[in-house]
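Participant: Here is how the chains run, residue by residue.
Protein chains: 2
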Amino acid sequence: MNEKKLVYLFEEGDKQMKDLLGGKGANLAEMSRLGLPVPPGFIITTEACIDYYREGRVITEHLKEKVDEALANLEEKMGRKLGDPEKPLLLSVRSGAVVSMPGMMDTVLNLGLNEETVEGLAKMVGDRRFALDCYRRLIQMYGDVVLKVEGSKFEHIIEEEKEKKGINLDVELDEEALELLIEKFKNVIEEEIGEQFPHDPREQLFMAIRAVFDSWHTPRAQTYRKAHNIADDLGTAVNVQTMVFGNQGNESGTGVIFTRSPSTGENEIYGEYLLNAQGEDVVAGIRTPESIGLLQEAMPHLYDNLVELCRKLENHYQEMQDIEFTIEGGKLYLLQTRSGKRASAAAVKIAVDMVREGIIDEEEAVRRVKPENLEQLLHRQIDPSAKIEAVAVGLPASPGAACGEVVFDADSAAEAGEEGRRVILVRTETTPDDIHGMIAAEGVLTSRGGMTSHAAVVARGMGKPCVSGCEALRIDEGQNKFEVNGHKVSRGDIITINGSSGEVILGEVPMKDPEIGGDFQDILNWADRFRTLKVRANADTPEDARQAIELGAEGIGLCRTEHMFFSSDRLPVVQEMILADKEEERKAALEKLLPYQREDFKGIFKEMAGYPVTIRLLDPPLHEFLPDRDNLLAELYDLRQRSKKYTSHNPFENNVHAESEDLQQQKIEENLKSKEKLWEKVDSMHEFNPMLGQRGCRLGLVYPEIYQMQVRAILEAGAELVQENMNPQDIQPEIMIPLVGHEEELRIMKELVLQVVEEVKKDKDIDLPFLVGTMIELPRACLAAEEISNYADFFSFGTNDLTQTTFGFSRDDAEGKFLPYYLEQGILPQNPFMQIDQEGVGKLVQIAVEKSRAQKPAIKLGICGEHGGDPESIHFFHNVGLEYVSCSPFRIPIARLAAAQSTFK
Amino acid sequence: MNEKKLVYLFEEGDKQMKDLLGGKGANLAEMSRLGLPVPPGFIITTEACIDYYREGRVITEHLKEKVDEALANLEEKMGRKLGDPEKPLLLSVRSGAVVSMPGMMDTVLNLGLNEETVEGLAKMVGDRRFALDCYRRLIQMYGDVVLKVEGSKFEHIIEEEKEKKGINLDVELDEEALELLIEKFKNVIEEEIGEQFPHDPREQLFMAIRAVFDSWHTPRAQTYRKAHNIADDLGTAVNVQTMVFGNQGNESGTGVIFTRSPSTGENEIYGEYLLNAQGEDVVAGIRTPESIGLLQEAMPHLYDNLVELCRKLENHYQEMQDIEFTIEGGKLYLLQTRSGKRASAAAVKIAVDMVREGIIDEEEAVRRVKPENLEQLLHRQIDPSAKIEAVAVGLPASPGAACGEVVFDADSAAEAGEEGRRVILVRTETTPDDIHGMIAAEGVLTSRGGMTSHAAVVARGMGKPCVSGCEALRIDEGQNKFEVNGHKVSRGDIITINGSSGEVILGEVPMKDPEIGGDFQDILNWADRFRTLKVRANADTPEDARQAIELGAEGIGLCRTEHMFFSSDRLPVVQEMILADKEEERKAALEKLLPYQREDFKGIFKEMAGYPVTIRLLDPPLHEFLPDRDNLLAELYDLRQRSKKYTSHNPFENNVHAESEDLQQQKIEENLKSKEKLWEKVDSMHEFNPMLGQRGCRLGLVYPEIYQMQVRAILEAGAELVQENMNPQDIQPEIMIPLVGHEEELRIMKELVLQVVEEVKKDKDIDLPFLVGTMIELPRACLAAEEISNYADFFSFGTNDLTQTTFGFSRDDAEGKFLPYYLEQGILPQNPFMQIDQEGVGKLVQIAVEKSRAQKPAIKLGICGEHGGDPESIHFFHNVGLEYVSCSPFRIPIARLAAAQSTFK
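One line per chain: the protein sequences are A and B, in this order. Positions 4 to 908 (the numbering used here) are the ones given, in order, by the first sequence. Positions 4 to 908 (the numbering used here) are the ones given, in order, by the second sequence.
In isolation and in its complexed conformation, chain A is listed as follows (with noise of 0.2 angstroms):
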């Protein structure tokens, strides 16, 4: 058996070696090889962390041997030697994990100093206040990384040093001040631990190596990694370093670049540098970097050779570089090579670019685009730059940013909106009256109601930006104001909301208009040649079907038909529908209804010409369309106080004007009898729990005359479009029964649609392609999905009520109240109703998969829940062979991304 290799020189690694070299470990050991001036060092692997915490936390005397010879190859290479009076070898010593965890772990430099070396190092350099100010720097970074002393210790003596001798900066700390320091931070060590700093090079050495393996398991780390999905057991590898001094006069230098620009995406090189000083004076902040540019100036050959080593590194990994350097004496040395964060546009240009540049080819560059990116690019944003503070956190309801004066009612919006000022709506709870108001803010918010409320899903289905639920408001509608956090807001005041965080700003706030460039279609349409999931829309109007084709859809994979009955013009009807006491004034509403929908369908099945279009039935609970119960009951308690019915009257009330008072008295008493009227419908049809209530084809089932309306609509739709013309190929319905459970729903539903359908075949003597199928958003659908599918040309997954049943959440109530919690404390790992829980509802989707697919091979299989747009939510459809996803017209380019690069798992 081999005995593994735990130590590694720089010249003996490369890329690849990622996972046992650490990150940055593996990318010193790349420059290395292609001989860059990469100061030499040696790299620890992540096995040895691993046995370092198998041993229970010890350093195995096998270990230290594979380090003496590492180091002596070092000490050999560079003719210098660690604890050598005369000749001191320095070191480094930096973590290195798998995947970066910045900031999370810990470093020491300028180690190997002590009273003797620091001598030798200041005579070797010429400078002895340069080395004083070294070995202050390692007692302060021992004291703190290793020792863990307390930081502010240590800062609190060189504040109180400064002070005495009237200085601003630690650069003008003289060699007596240093000297001074350096004997008070040994003295604090003792003082603090009972140790001394070691004197012993070697035995620092080892101390730093335990301290960066140890610090693998700090508590933030842990939680970091728990945040971040990072397995527990990877370890850390250890980077043992030559160290270079940027700290060495105006001929030395430390700095950070990018090989393009991290924001925009221009292909120049970006980043920033500080003249004499070391890295963690850059971090510090104590004097501020110097943009890149100015070095072209300051050193101009440096510069070129700077420039000319980040082309190579570039070219070489393929990706935008974010480089570390460090300038020593005039000579340049990188300290770090990594893949550079972007801003969103960024990424776009870049990929873009290094395909015409014929760096990465079309795959790569779909690969490298996170669909997050385009999100961004999507929606109005509050400028990145921008520093805000929120006074209040709601549910990111509807992505994008608004600003605008704060109105109360809808009708004051509408207003606002026809003189051109911006508003943002802001109600307790919206209501399909306030629709009109919805269309003409800028944005709306809510302190009540969550991710499903009629607030964020109208919204959403805008495109326009939403918080909701945003509990901390205290809404007075009647006063016109609101209170948040000890804040008081009044109408017309300025506020912004992040439809995306759901925070709520006061005042106005930069904001960053969407980008969808050239660059941002060349992405979409190469990820449209990989993809194999197709990518439909969830629109409910004409104007939203149009946008959804803009945006790439290839039909409609969900059409919410309840959402036309809500418009003003249509809701009385629908509300005398729901009155009736008889079939026949039932009957009698919907034909008046009948000619709404067909030019509802007419209109979207243009826009969809040669796509196909999925219309759910009608699936929220009757009581939805009717007034709310509690300002019903307000209204009935004001009427009955003023009733005769109810009260004696008093002569002495309303004696203004008496001679009207009959006529008055008369209006109350009828409008109380149709209020009580209505009030007894209402409270006949209220329910505990009307997500499980009586809605979807539960409805249809009894009241079989509204789905009959419904599906005549849809098809008189068709034949009118080809009677004017239109190529009855082009015009694909498919009708979904929502809230299927049992076989026998879908088989009694699928007669009724077969029956109108004959009706109308009869009736317009025209035939036209539809389909029937199901939403399966229950847990028995898919359980039963077998059965189910007898009946069924398609299934689509309704993937938000599926999650709510199979959890046992009511979304309108988690997201509110307890989700929030349960995200915090990470009992769930991410919202549900967000990224699908593959564990749970995922299991299910794929029972009925299977389950459908091996009674009926030829089923179409989609989803058309919230989780259709959401990228890691793609990738589990498309390994679960569906056929297509829907979502929101502005997902739909995310969608196609994420769809895209799901083939490439």
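Just so you know, the hints here were simulated from the structure itself, not pulled from any lab data. Be a bit skeptical, because a hint or two may be false.
Identical copies look the same in the list; a pair holds intra-copy or inter-copy alike.
Claimed, not checked - Below, computed lysine-lysine pairings styled on BS3-like, alpha-carbon distance capped at 25 angstroms: (1) K859 with K846; (2) K676 with K491; (3) K595 with K678; (4) K684 with K484; (5) K8 with K67; (6) K484 with K678; (7) K90 with K126; (8) K156 with K684; (9) K753 with K229; (10) K753 with K67; (11) K647 with K484; (12) K21 with K908; (13) K390 with K491; (14) K334 with K859.
Got chain A sorted already, so can you dock chain B onto it with the hints?
Facilitator: Here is chain B on its own, set in the frame of chain A:
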């Protein structure tokens, strides 16, 4: 290949051949074999019927041949011939399905008569009037059954004739009259269907056979089969048998006897007979039959003969028999025997008696008693012989019948109870405030709420009859009256409710008290020997626990701690806890609740010494403990009206007690203030779908102090009992965390429990055995059972909630609204809240059982939903491998019996 035999002579078959010969045929064959006096005949098999349909409703030549052969055999045996003018053979043709379908299918008697043979018959028996009557009967029956002439046409002619002659009874019709009837009947047939009554007896025979075959597929037979789950393709056999005549004078007769009393089970024959009559005369009810006892006087020898045959048949079949007989000229014939239907009490008594008599063994006795039989014996019932008319039907929320004066509020019920009056508490819905009234009432009737409403759950717990959700009731509580389908009922009026059927009846109705005798206990004790499933009780109080033990419970499977919070002395403290703004206030209130809960548990542990007690920590959403929204809103409106804060005070109001006005006003303002605060809380806690809201462990996670208090109460109760010298091993708490969907929830809750365990151990220095587990009541919990089982000692399936989430049905809404429609229409085969839905919910249970056992073989698995008391569901739970079922105390005997029967299947 053997040709299949389509026709069997009686002597060729036996009782095993039911599938082929039908139930009636197989028993006729068996009796023939035993040498009992059965008129000879033959059977056309069910396979012949299936062939008939396969051939497109054609009687094949082959079948005709076989029938002719059997007929020839019969003619030879009888020495008469079909159609012989001298000695005509007459036949009956009867259907005989495999499973009895009473009254569903057709029969033709007296077959073989025509103008000639009728005279032959007259001569043969020496009674022309008798022969003509038989002929008249044949034409009538044949016309009705075979030719589908409406039966009333014949009846009408008979009535006319009788009227003309001024006679009352058919038997008074003389020869002349009968000849006229025959003529008229034939004319009717010709007029109605344009065909003549067939003269040819062989044609009569085959037409009759065809009619019996056809009757298998009448709509009513199909409906019956669907309702009773009988396969559609079984087909019916046809029994062709020599006629014997009970209508041949006063030495003839016909009757039906049971070998034991079907209502009491007494071991003595029981039945009725009519002299000089054919079977259909008994059915027609024209003459009142005599009790069988009178036959002993009339024909003592024949009676003894009959008794002996009864014994013989009962011993042979080892089962109580229901026998049809005919006496022809003093000779006894048996026409049918089958197992007799019997009342519940009789079923138990007969089974136990037969074991004592050595006829059957104990297993057979246990097999024979239907679990539903026990249910009837456990509750007061409406006398089955009473004629009742329900004015409305609600949900059968808690079984048993009750009768009493109507009262509309709990206080009145309590008062009446103290005065010894029996009352029915009628409310829109009950709340915890009504408990004292429910205790005092005989039964509870509500117009709202489902099978899990407060009224239903509490009444079931008390074993008190309840009808809930009777939506036809229009209750005006203020006026102390209700209206129901046109009837007005006021306080003090007597009504009867049947909680087993949901019926509401005006006035008093005769009742039967429960009969739980020694036989009942014997059956249960025998059942206990066979069953492997344990049976526990759902019990929340020491009283319930005691009753459960008396009825044979082996532990408590579900102790709902929330019911302990509802009692009137605790509710204010619970509300204090909920309304607390700060954690300390909440903790202080919980401190006050702790001693109550501890006492509850002490009482229960004492009753359940030696048995496990599964205690579910708080489950319902907290707002359930707060006042009702609508009522509170009403109060608020009222108070605001009277408050100065909202209205300018009118000096002309309240002028009666002007001096005390200030004080009154002050009270109003204070009350308003506190009610407004309460409303704010109630409103902020409002949930759209409380069923899917912040309940179960979602409470325990967010407010750990509540569960901490409960766990402490459980453990301290145990510790105190040990200090009072109870054996620690006899105290077996099983702490159950409700509504877990993700393993993290249970992990955290288990940690909380273990921490409290440690604390109490330290405080009390007592080590108690205990388990920690969870209720599996969400689809996700089933799917993630593997992971969840890591933290669970036991799973208890909460199939009520699991059914709600799997179907997406809110029980409270569904049972009052669409579920009745679903059941009527056959969309669902049964109410999934009563009988477990094996195809959906059952599959999830199975998945969870398999996954959890695979991960943790020792895990304890049980079920505590209401299905735990349903026999069919119990069979399923047995088969799926659970260890116990838990049900309400009154269903324990049923569960014990059903569990035993599960082992036989």
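Participant: Each hint should be assessed against the structure and marked as holding or not.
Facilitator: Verification of the supplied hints:
no. : hint           : verdict
1   : K859 with K846 : both (20 angstroms within a copy, 21 angstroms between copies)
2   : K676 with K491 : between (41 angstroms within a copy, 23 angstroms between copies)
3   : K595 with K678 : within (24 angstroms within a copy, 46 angstroms between copies)
4   : K684 with K484 : between (34 angstroms within a copy, 21 angstroms between copies)
5   : K8 with K67    : within (13 angstroms within a copy, 95 angstroms between copies)
6   : K484 with K678 : between (30 angstroms within a copy, 23 angstroms between copies)
7   : K90 with K126  : within (9 angstroms within a copy, 147 angstroms between copies)
8   : K156 with K684 : neither (73 angstroms within a copy, 49 angstroms between copies)
9   : K753 with K229 : between (48 angstroms within a copy, 21 angstroms between copies)
10  : K753 with K67  : neither (76 angstroms within a copy, 44 angstroms between copies)
11  : K647 with K484 : between (36 angstroms within a copy, 23 angstroms between copies)
12  : K21 with K908  : within (20 angstroms within a copy, 62 angstroms between copies)
13  : K390 with K491 : within (21 angstroms within a copy, 72 angstroms between copies)
14  : K334 with K859 : neither (71 angstroms within a copy, 65 angstroms between copies)
The structure fails hints 8, 10, 14 (numbered hints given earlier, in ascending order).
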